[in-house]
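Below, each chain spelled out in residue letters.
Protein chains: 2
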Amino acid sequence: MFFEKTAIIGVGLIGAAVALAMKKHGLAKKICGFGRNETNLKNARARGIIDDYALNLGDLAEGADLVIFAAPVRAFKPIAGEIAPYLKTGAIVSDVGSVKGALVYEMESAMPEGVAFVGAHPIAGNDKSGIDAADPGIFIGAKCVITPTSRTDKTACQTITSMWERFGCKVEELTPERHDEILSSISHLPHIAAYALVNAVHEINPNFIGYSGTGFMDTTRIAMSSPEIWRDICVLNRENILNHLNAYKRQLELITAYINGLDWTTLAEEFGKAGEARKKLRDERNNTENK
Amino acid sequence: MFFEKTAIIGVGLIGAAVALAMKKHGLAKKICGFGRNETNLKNARARGIIDDYALNLGDLAEGADLVIFAAPVRAFKPIAGEIAPYLKTGAIVSDVGSVKGALVYEMESAMPEGVAFVGAHPIAGNDKSGIDAADPGIFIGAKCVITPTSRTDKTACQTITSMWERFGCKVEELTPERHDEILSSISHLPHIAAYALVNAVHEINPNFIGYSGTGFMDTTRIAMSSPEIWRDICVLNRENILNHLNAYKRQLELITAYINGLDWTTLAEEFGKAGEARKKLRDERNNTENK
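Those sequence lines, one after another, are chains A and B.
Each residue of the first sequence is one higher than the one before, starting from 1 at the first, in the UniProt record's numbering.
Each residue of the second sequence is one higher than the one before, starting from 1 at the first, in the UniProt record's numbering.
The set of hints was computed from the structure by calculation and includes no laboratory data.
Treat each hint with caution, since some may be false.
Which copy? The list can't say, so a pair holds if one copy fits it or any two copies do.
Said to hold, decoys possible - Listed below are the simulated DSSO-like cross-link pairs for lysine-lysine, each with C-alpha atoms no more than 30 Å apart in a straight line:
{"no.": "1", "residue 1": "Lys29", "residue 2": "Lys249"}
{"no.": "2", "residue 1": "Lys154", "residue 2": "Lys23"}
{"no.": "3", "residue 1": "Lys143", "residue 2": "Lys24"}
{"no.": "4", "residue 1": "Lys77", "residue 2": "Lys273"}
{"no.": "5", "residue 1": "Lys279", "residue 2": "Lys42"}
Since this is a predicted model, take the numbers as computed values, not measurements.
Make the full structure from the sequences, and use the hints.
Have a look at this one:
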């Protein structure tokens, strides 16, 4: 696996980490970046994250044998339409987007004959953004979900799988629908829970937040994520998120009922159940040397 | 400020950190521990956290000039009743409990003539427990709330304030009632939010939790806290917690309504509002060199 020309669309935290991981593992000859902000692209080139950048999508796509979409998911469809005429036969197009579902089928349909699309999502990142925080180490030990469909080219799928394995990910195949259902529960719902928690404390009294300890800091860290990106994820994964918000509100209602009804035994059991599940997750991660 | 005999009731994460901080700053001649588990007390003595331990509360309290309650809050009242006859005139009794309110007045009333009670709560800790994780560094830069009442001895209050300042805390005085209202919002509510979030994901599908990234891990870290301690906090701060659970559920209902009604502009604004408030908190903490 070696790519003569790799195009990275969106050189932010994850796009830059992909570029750095490709260089680290010797998978790329030339990495070309694309983005809305030329200053950012110049910085990325100066730091050796990308080798060059393009200011129009035709130049970017021309001759590329690998194209990675690392832009906000709402931009995928229009960009796919623009690059399609320039893609060469045999090119592989992939992504790192947090939502799959319908988008995967739309991306497949946007590809010209002879170009494979393979959906991918490394479940990695942090609350930071931008190339300054980019680190190929975030992929080590992280799960990466590949979402092939009945139309996905098997060789291209294997190539993308191998690439993420080289980066240190544990790769797993899921349907686009199953991916979205899972991510809604363990990523999209927690983000909304964190946003709502900050807003609730602010509503109770804007001065109270200053008394926060590490518990509140940890619980609400992801509320610093981009509002636009998370709005777009809500747009694209709306049904799952609404279902899971209902499940969450049911759990909060249960706890409210126990406290209201002085049912302290059941309350402690509920807390204990959550604690056991969370400790099991911690122990699994510690065992794979991934905190 | 120097204490000939300090009694620490409850030698766990915080009790042990207090003992270590007192030794670090040369405030204590002899620290005597008390707890239900003699093996733990022996370990604490072997590690030099405490100098000795008592197996009955009379021996512990006799001759002590400082007594710190660091046991679970539900144990405070019965223990206060037991030690009262043994406390010497001029002794100061304080605590590190997460709930104040009525408990402060009850503790005051339990003290014999000439013994001062001063409520204190260092807002510090982590998801760990026990003496192995005890670290006096957790107090550095943390807030410590002192909750004097109209009956509190001013000199004793000043002594306790100075002690926590020596440990590195930013000390602030609040009424017991205000303390509980604030802590309900920025600590008790987030714990319940985290417990409920783990249980919601488990209810959705017990296998999904294994796909978690760092976002879910951070958001639910405090769900590993002791279920019994958090049940007791719900018992003692029930009214505030019920009010704040309602505020949180209202925020979740708002977000649900925006997603359900396709009101993406307002949704992004709500997310952005939370993000700004949380970033402000981060920046304040970074400025005081306390993450």
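Hint-by-hint comparison with the structure:
1. For the identical chains of this complex, Lys29 and Lys249 are neighbours neither inside a copy (50 Å) nor across copies (52 Å), given an alpha-carbon limit of 30 Å.
2. Taking the shortest Cα distances, Lys154 and Lys23 sit within 30 Å of each other inside one copy (25 Å), while across copies they are farther apart (65 Å).
3. Only within a single protomer do Lys143 and Lys24 lie at most 30 Å apart by alpha-carbon distance; the minimum there is 19 Å, versus 44 Å between protomers.
4. With identical chains, the CA atoms of Lys77 and Lys273 are at most 30 Å apart between copies only, with a shortest distance of 29 Å across copies and 42 Å within one.
5. Taking CA atoms no more than 30 Å apart as the test, Lys279 paired with Lys42 passes between copies only; the shortest distance there is 27 Å, against 44 Å inside one copy.
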